[in-house]
Amino acid sequence: MAVKDFVGRDIISIHDFTKKDIIDVLETAKRMETLSNMKLNRNMMNAKVMASLFFEPSTRTRLSFESSMNKLGGKVIGFSDGNISSTYKGESLKDTIKMVENYSDVIVIRHPIDGSARLAAEVSNVPVINAGDGSNQHPTQTLLDLYTIKKTFDQITDLKIGLIGDLKYGRTVHSLAYALALFKAKLVFISPEELKMPKYIINDIQKANPDVEIEEKNEVESVINDLDVLYATRIQRERFVDMTEYEKVKNAFRIEKKMLKNVKSNFKLMHPLPRINEISEDIDESKYALYFEQSANGIPIRQSLLALVTGRFG
Amino acid sequence: MAKEGEPKKEIKIHPIIEGIVIDHISAGKALEVAKILGVNNNLVTIGLNLSSSKMKLKDCIKIEGRSLSNYELNKIAIVAPNATVSMIHESKVDDKFKVKLPKELKNTIKCNNPNCVTRIQKVETRFNVDETNSVSYFKCFFCERSYPINDIEIL
Numbered sequence: 000m001a002v003k004d005f006v007g008r009d010i011i012s013i014h015d016f017t018k019k020d021i022i023d024v025l026e027t028a029k030r031m032e033t034l035s036n037m038k039l040n041r042n043m044m045n046a047k048v049m050a051s052l053f054f055e056p057s058t059r060t061r062l063s064f065e066s067s068m069n070k071l072g073g074k075v076i077g078f079s080d081g082n083i084s085s086t087y088k089g090e091s092l093k094d095t096i097k098m099v100e101n102y103s104d105v106i107v108i109r110h111p112i113d114g115s116a117r118l119a120a121e122v123s124n125v126p127v128i129n130a131g132d133g134s135n136q137h138p139t140q141t142l143l144d145l146y147t148i149k150k151t152f153d154q155i156t157d158l159k160i161g162l163i164g165d166l167k168y169g170r171t172v173h174s175l176a177y178a179l180a181l182f183k184a185k186l187v188f189i190s191p192e193e194l195k196m197p198k199y200i201i202n203d204i205q206k207a208n209p210d211v212e213i214e215e216k217n218e219v220e221s222v223i224n225d226l227d228v229l230y231a232t233r234i235q236r237e238r239f240v241d242m243t244e245y246e247k248v249k250n251a252f253r254i255e256k257k258m259l260k261n262v263k264s265n266f267k268l269m270h271p272l273p274r275i276n277e278i279s280e281d282i283d284e285s286k287y288a289l290y291f292e293q294s295a296n297g298i299p300i301r302q303s304l305l306a307l308v309t310g311r312f313g
Numbered sequence: 000m001a002k003e004g005e006p007k008k009e010i011k012i013h014p015i016i017e018g019i020v021i022d023h024i025s026a027g028k029a030l031e032v033a034k035i036l037g038v039n040n041n042l043v044t045i046g047l048n049l050s051s052s053k054m055k056l057k058d059c060i061k062i063e064g065r066s067l068s069n070y071e072l073n074k075i076a077i078v079a080p081n082a083t084v085s086m087i088h089e090s091k092v093d094d095k096f097k098v099k100l101p102k103e104l105k106n107t108i109k110c111n112n113p114n115c116v117t118r119i120q121k122v123e124t125r126f127n128v129d130e131t132n133s134v135s136y137f138k139c140f141f142c143e144r145s146y147p148i149n150d151i152e153i154l
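As given, the protein sequences belong to chains C and S, one line each in that order. So that you can map any letter, position 302 of the first sequence is 301 in numbering that gives the first Met the number 0, and since no number is skipped, the others follow by simple counting. So that you can map any letter, position 109 of the second sequence is 108 in numbering that gives the first Met the number 0, and since no number is skipped, the others follow by simple counting.
Chain S on its own, in the form it takes in the complex (with noise of 0.2 Å):
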């Protein structure tokens, strides 16, 4: 049983201080989630096809030092949108919350379309995030194509 005071148990395994512990990535993502993050210089805890009661098999990622902005956090919800994040403060949980899709996202994604005009000349894309049948959809504001979020890429 945790004491007081004592760290919880998610993090009781790797203790970190100050930084992010990003759970709940479906099994197989957390080093796409790295890569997003470009964590080079901190230190991180990767933890690879672990049980999990809700998912059965997830990742999950620390790291030290580390915070995330909202741009950063919009990438992590295409590729892991289940993942929750924690933000640790002396050791402590600070603030904890699922990743969520926005309604836009700007200069985020590519357009898979060739022939877009995103793809050919120096436009920043646009994509709409809209929901259909409980999947997520990514629709380019400027060619209309629309992509199920197993189809996007990141820029």
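If we strip away everything but chain C, and leave its shape as in the complex, we get (with noise of 0.2 Å):
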């Protein structure tokens, strides 16, 4: 898909890209970096304004959308907590959505309702970019952390990427174990037993690449020191019915500075943020710890996205 081609279009699902639309929307990323190095994209979205659409409340992903606008020397409006919106008074989605298209050229949602971003996108005549809509997508994350990813190795194909955490209900890993398949990357999937990835995601990435190598494992000590990156996620509480599970597992699934010893020279550690405990802090200011860097690598990805759907890059 050529950049021109992404005009108008809804950013809803990893699923709706091809692994060429990817590639378009990291090299985007690059070039968009160097133009804000150079200063010359502070006009780039000049009279476009975008909706920031956040039905629950999620400060780090608002802030990098508002932010990725505003250095592009567009407009924000909107509102960070559905409470105080009308859908509080019972007003439908629909209703919502056809209302703001009228104030805006793009809409960013986020939403705790599965499925809510889609809806959205098929009602709304501007492009609708989807900041999370409950445990399903969450698009601009997987395109940071391919972007993240891209950036430090110079590819994604081969390389060996290791998923902890909570692999059952953690829609980022979903998304970009998803993605990664795309890449022919080599999957490791380290999970307790009640928090496996599920089977219908696994059909999901061997759809994407038939070939994909994937290994399951309820450890992290056996694999690490073979592992390009690893990339972990949050083990919620509340998914547990027994606290003294929870209290276990938190605890082996924790990644400690001692545990690194032997990884690979250019071992990487990633994490979409916020951290709890899953990584200890002495980790931070190690080389192997990527995940600040991560999480900066939503701008130039949010930047990118809302520039090609209103038709500005390029």
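There could be a bad hint or two in this list.
Computed list of lysine to any residue pairs in SDA-like fashion (alpha-carbon distance at most 25 Å, straight line) [to be verified]:
{"#": "1", "chain 1": "S", "residue 1": "Lys138", "chain 2": "C", "residue 2": "Glu121"}
{"#": "2", "chain 1": "C", "residue 1": "Lys18", "chain 2": "S", "residue 2": "Glu130"}
{"#": "3", "chain 1": "S", "residue 1": "Lys34", "chain 2": "S", "residue 2": "Asn106"}
{"#": "4", "chain 1": "C", "residue 1": "Lys198", "chain 2": "S", "residue 2": "Thr131"}
{"#": "5", "chain 1": "C", "residue 1": "Lys19", "chain 2": "C", "residue 2": "Ala207"}
{"#": "6", "chain 1": "S", "residue 1": "Lys105", "chain 2": "C", "residue 2": "Val122"}
{"#": "7", "chain 1": "C", "residue 1": "Lys198", "chain 2": "S", "residue 2": "Ile153"}
{"#": "8", "chain 1": "C", "residue 1": "Lys195", "chain 2": "S", "residue 2": "Asn132"}
{"#": "9", "chain 1": "S", "residue 1": "Lys102", "chain 2": "C", "residue 2": "Ala207"}
{"#": "10", "chain 1": "S", "residue 1": "Lys105", "chain 2": "S", "residue 2": "Asn149"}
{"#": "11", "chain 1": "S", "residue 1": "Lys105", "chain 2": "C", "residue 2": "Tyr199"}
{"#": "12", "chain 1": "S", "residue 1": "Lys102", "chain 2": "C", "residue 2": "Pro197"}
{"#": "13", "chain 1": "S", "residue 1": "Lys97", "chain 2": "S", "residue 2": "Arg65"}
{"#": "14", "chain 1": "S", "residue 1": "Lys138", "chain 2": "S", "residue 2": "Glu103"}
{"#": "15", "chain 1": "C", "residue 1": "Lys198", "chain 2": "S", "residue 2": "Asn149"}
{"#": "16", "chain 1": "S", "residue 1": "Lys121", "chain 2": "C", "residue 2": "Met98"}
{"#": "17", "chain 1": "C", "residue 1": "Lys195", "chain 2": "C", "residue 2": "Tyr168"}
{"#": "18", "chain 1": "S", "residue 1": "Lys121", "chain 2": "C", "residue 2": "Ser134"}
Just so you know, the hints here were simulated from the structure itself, not pulled from any lab data.
Could you use the hints to bring the two separately framed chains together as a complex?
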């Protein structure tokens, strides 16, 4: 897909992207970073309005989108709490979107209900970007994760990438695993038995790449020294019925500095943040920590998507 | 031996003049099929656990004075994926075919995900049908959850 073909397009799910589409977005982000460094994109979104509809709080994603738009000279309208919008008064999502599309050139939506972003896109005449719909998709997170890996290793293909933590409910790891399979990365799923990668997600991944190499482990020590990247996610307390089980699992899947003693020299540790205690803080200053840079990469990715779908890039 | 002009063996036992025969329904599923069709005012014959060379046991339904819409055929294909449908006209088989799942189902099945937008707001359900390892999976267009055929609930 050429850059011009992104104009008017909705960004709802990583499943809507071909490998070529993803490469185009990553290339655009790279060029966007160059333009930012040269201060050449400060008016790129001039006179464009982004509606930022956050029906549930997500400070980091919202700030990243709003900062992306502001840095490109665009305007932001919206709300950051579903309770103060008219949804609280019982307005349907369809009606909210039909109203907001009159005020904006692009809509960014975060909503606690699965599939709400797709519904918004079906209704809206302006492009919709999904900033997280319930436990379903968060495509800009996946794209910034891929961008981070590409930027660091200059490739994604053939890297051995471990995903650790809650692989059952974590939407981030579901989308990421799917996208990594498109790029022929080798995947290792590391989780406690009760939070294993669901079968339907593995089916999806195999559809993306029938030859994908997948290993499943219930501990990280035996595999960490073979990995290029370890992507950690939060294990949520509310997923456990038995709290003693939660405490056990939480500590068993924590990454400690001593575990990194024999890792590959270019090994990197990633995390979508916020982190609770999945990664020991004494790793932050080491060359292995990539998570803060990863989060900063949200800006060029979101800037690229905003500019691409509104026809302001290239 | 059936002589020429006689109805075929399949409809010989309970001949119907105008209507439909749904055969090769998985054993035990005929009542679900009948429920889908809502056959309150028609003459209906239901055969349960009939012996079958292909399926060991099968169910069969014959309904007088009834035809089927594509919407109903799609629903039957979910409950009884191996079913064959014969359309009977003037006591003869006018058309006979195997039910087939379409690529997309609209407003036919329910999404099992309680947090799906189709369960919370007024939205017609939409599913894409796909086959993996010879099992049909139904993927919700909105929440993207995918369910194997055995977990599907018809609207």
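So, going through the hints one by one against the coordinates:
1. Lys138/S to Glu121/C: 17 Å, holds
2. Lys18/C to Glu130/S: 22 Å, holds
3. Lys34/S to Asn106/S: 17 Å, holds
4. Lys198/C to Thr131/S: 12 Å, holds
5. Lys19/C to Ala207/C: 13 Å, holds
6. Lys105/S to Val122/C: 17 Å, holds
7. Lys198/C to Ile153/S: 23 Å, holds
8. Lys195/C to Asn132/S: 21 Å, holds
9. Lys102/S to Ala207/C: 19 Å, holds
10. Lys105/S to Asn149/S: 18 Å, holds
11. Lys105/S to Tyr199/C: It holds: about 21 Å lies between the C-alpha atoms, which stays within 25 Å.
12. Lys102/S to Pro197/C: Between Lys102/S and Pro197/C the Cα gap is close to 24 Å, so the pair holds against 25 Å.
13. Lys97/S to Arg65/S: Distance ~18 Å between Lys97/S and Arg65/S Cα, so the pair holds.
14. Lys138/S to Glu103/S: Distance of about 9 Å is within 25 Å: holds.
15. Lys198/C to Asn149/S: Satisfied, since the Cα-Cα distance of roughly 15 Å is no more than 25 Å.
16. Lys121/S to Met98/C: 18 Å, holds
17. Lys195/C to Tyr168/C: Holds, because 9 Å separates the two Cα atoms, which is no more than 25 Å.
18. Lys121/S to Ser134/C: 20 Å, holds
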